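Based on these hints, arrange chain B on the given structure of chain A.
Here is how the chains run, residue by residue.
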Amino acid sequence: MFGTRYRMGGVAFTALGALAVAGVFTLGAGSASACEECKGKFEVDGKKSGYLYSNPSTQAMEDDDFDNPGMLWVEKGRKLWAKKDGKANKSCQDCHGAPEKMRGVYPVYPKYDPKTKKLINIEQRINRCRTEKMQAKPWKWDKDNLLGVTALIGYVSRGLPVNVKIDGPAKPFFEKGKAFYYQRRGQLDMACKHCHEDNAGKYIRADFISEGRGGGNFPTYRLKWQKLGSLHRRFKGCNKQVRAKPYKQGADEYVNLELFVKWRTNGLPVEVPGVRR
Amino acid sequence: MRMTTLLAGGAALALMAQGAAAEVTKVHEKGLKPYEIVDGVSIPKPLTDKSGDPKRGAKLMVARKKGNCLACHKVVQLNDYPFHGNVGPELSDVASNMQEGEMRLRLVNPKVLNPDTIMPAFYHTEGLHRVKKKFKGKPVLTEQEIEDIIAFLKTLKSSQ
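Chains as they are written, first to last, in the numbering used here: chain A, 1 to 277; chain B, 1 to 160.
Don't read these hints as lab results, they were simulated from the structure.
Listed next, the in silico BS3-like pairs over lysine-lysine satisfying Cα-Cα at most 27 angstroms (straight line):
#1 B:K66 to A:K240
#2 A:K118 to A:K176
#3 A:K101 to A:K76
#4 A:K248 to A:K227
#5 B:K132 to A:K176
#6 B:K133 to A:K176
#7 A:K202 to B:K59
#8 B:K111 to A:K176
#9 B:K134 to A:K245
#10 B:K132 to A:K240
#11 B:K138 to A:K240
#12 A:K193 to B:K132
#13 B:K132 to A:K140
#14 B:K74 to A:K224
#15 B:K134 to A:K224
#16 A:K224 to B:K65
#17 B:K154 to B:K26
#18 B:K134 to A:K193
#19 B:K133 to B:K30
#20 A:K248 to B:K138
#21 B:K59 to A:K240
#22 B:K136 to A:K193
#23 B:K136 to A:K245
#24 A:K178 to B:K111
#25 A:K193 to A:K248
#26 A:K245 to B:K138
For clarity, every value in this text was computed on a predicted model and none was experimentally measured.
Bound conformation, chain B alone:
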């Protein structure tokens, strides 16, 4: 069994090696459901039993008080909505380039992948500084909302 520490997160972590090479990191943050990061790049298992709804996912990506993903990402499939930012990479073909599990980690806590990123962690409550009272202890998105967005991201292929 190999033990490692995860730089980001700050949660109570139990680390263990499973099978041949897969390294599994268990994360359980305050007020959130536990999940597992595999090999530091992916959360393969969905956060909920109920499968995601891509229509709701699209709405959550647009909504300024929810995902507001358009703040930073261009998505041609959402061109009905104005003002797509360009701080992050375009997502119009993201399903051709990323596995579902990689998308999930990217949404849950992108700082695991890039500690200096501007992208918010959408399912993360610990180690934050001066959070406004209204948002304290709460993730930006619920586990179901994360799954809805992933369901929509999986439809994003520019070849369609």
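Chain A extracted, bound-state conformation:
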């Protein structure tokens, strides 16, 4: 009896191990090097992804799905995608099918939403599905659930060029985002452009400044955060650096700014989950 039980335990363990390995391989789409489709695309029409401003060890972490810590969130997102929730007892999968069906969604958000007559971004879109279709509670910004599903939606679009629309009804919101980008703020009185347009490629103390084209890599794993974080969290950080009062994640001001930043990223590849310092 003892022998049998022991053996059963052994078999179960092996089976689980095999499953886990198979799972990882599915995520990497059969390849150990992650963003195969991004390779050679990090510079387009003179625009450079922050990837090219990262040091080689950070790039290597992003390049390899096994090393990229952001993949833990993508995996979590995949589980949540298939999990029924809310009073409607539905999962994302019930309405949308496999996550891969969402390929092409990430590059075009934020976009104009006729219902609220303002922009909507991916996090807000996910939460709208939760509250309206699933009758579930919205997820909180920069917590693992929302980060996970947002990262998953970015991940399945890897390699596609960012391609937001700024004409038509989105235009006035784009203009607001643009105004935000060029407005000086905070006690140190700097605008986004002072760092990311005027001084990209230079050092501010130990920080190597990129072009701020963060429209293709968020949510990004930041070594400094030791976790994945949203683009709006990055905006807050950049606001605080100049001693300005930040906005809350999901504020209209940040969604408008997101459209502007993503437009500056148009043409560069989706590389979610990015890895940055």
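Using the frame of chain A, we list chain B on its own:
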């Protein structure tokens, strides 16, 4: 008497011409001591009666929560401290190239010289947008701290 307007600052300004060509702009911003800009390029008079202390000035240039000048400027005389940025010009020989008064205006409000500069105004409280509560109405550096930094800048000559 010739009247001009100053683009940057936004403070209540009284402008007057003094003597031959010197054009003096009085600036008095909220919560700060008044000072005078001469010919749009210099603040010749110190902001305090007490002379600046170069040792404290050096510390203020390094301190991240104070001047943090090393964020943008290389200063070889401060090579004991790591990570000098390169956004602004090197200051290791600045005393050979600039008068004290020019340094003072540069620190107090560099936007008078270059409205598009990234360099913060260190003695300026008006016309700012969304300043964090903690810093509202306060300059980045006090008038004495500005004088301490100038005292240190005056020692920076590469020929030494």
